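Visitor: Since chain A is already given, all that's left is putting chain B on it; use the hints.
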Amino acid sequence: EAGVTQSPTHLIKTRGQQATLRCSPISGHTSVYWYQQALGLGLQFLLWYDEGEERNRGNFPPRFSGRQFPNYSSELNVNALELEDSALYLCASSPNLTSGDQETQYFGPGTRLLVL
Amino acid sequence: AQSVTQLGSHVSVSEGALVLLRCNYSSSVPPYLFWYVQYPNQGLQLLLKYTSAATLVKGINGFEAEFKKSETSFHLTKPSAHMSDAAEYFCAVSVNNNDMRFGAGTRLTVKP
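Protein chains in written order, with our numbering: chain A, 88 to 203; chain B, 12 to 123.
None of these hints come from the bench; they were simulated from the model.
Values in this document were obtained by computation on a predicted structure and should not be read as measured data.
Idealized CB from N, CA, C, for every residue including glycine.
Don't take each hint at face value.
[Claimed, not checked] The calculated label-pair distances, taken between Cβ atoms and stated as ranges, are:
| hint | chain 1 | residue 1 | chain 2 | residue 2 | range |
| --- | --- | --- | --- | --- | --- |
| 1 | B | THR88 | A | PRO157 | 39 to 49 angstroms |
| 2 | B | MET94 | A | GLY139 | 41 to 51 angstroms |
| 3 | B | SER25 | A | GLY139 | 35 to 45 angstroms |
| 4 | B | SER91 | A | GLY187 | 17 to 27 angstroms |
| 5 | B | HIS21 | A | GLY187 | 34 to 44 angstroms |
| 6 | A | GLY115 | B | ASN72 | 23 to 33 angstroms |
Isolated chain A, as found in the complex (with noise of 0.2 angstroms):
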């Protein structure tokens, strides 16, 4: 079974520019979070996206939104991009409500952002 896939692996980008990231989920998994772990930050919650809407989103600027597709895939795009968005972008997924495993997040390889 795939796990979480994400693209693109590395991204640079300059201050003002706008950065879109992709997660897959694993397959049969309906929510997907986003989270940031800056240097010395931790993993700091971004947003949960499930079946197709936004459930709850972190202390983050609006400039941080995303979407989820019919397939459960999802993107977050950063507008007006700083120099301290620069982190690694992890993306986790887990199953839906019924699957008993509900609790647990999967995440994938994250996306290393940098912004010059």
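Guide: Chain B alone, transformed into the frame defined by chain A:
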């Protein structure tokens, strides 16, 4: 809200020695608890999880953790460290299915 505290941002052990990584949680309801490992430039890999079944949980790569409600702890152990265990380890807690909180992480170094 639930939270976890990992005691010690860096732990160093010799190869073959016991590994003990500490995690204490705070939760007003019975929690789900997890340990994840992150190797350099990679995502998080699930090591093990506690979901209110057995209090001693065995995971991958020889790791195990014991849920102690009286101490609100979920420490991770491995009897004998290998060089390949060098990584960052994260403890996490979840009380509502989709609200997972992570500790700050513990970087494990294994000396030859």
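Visitor: What hints, given by number in increasing order, does this structure fail?
Guide: 3 and 4
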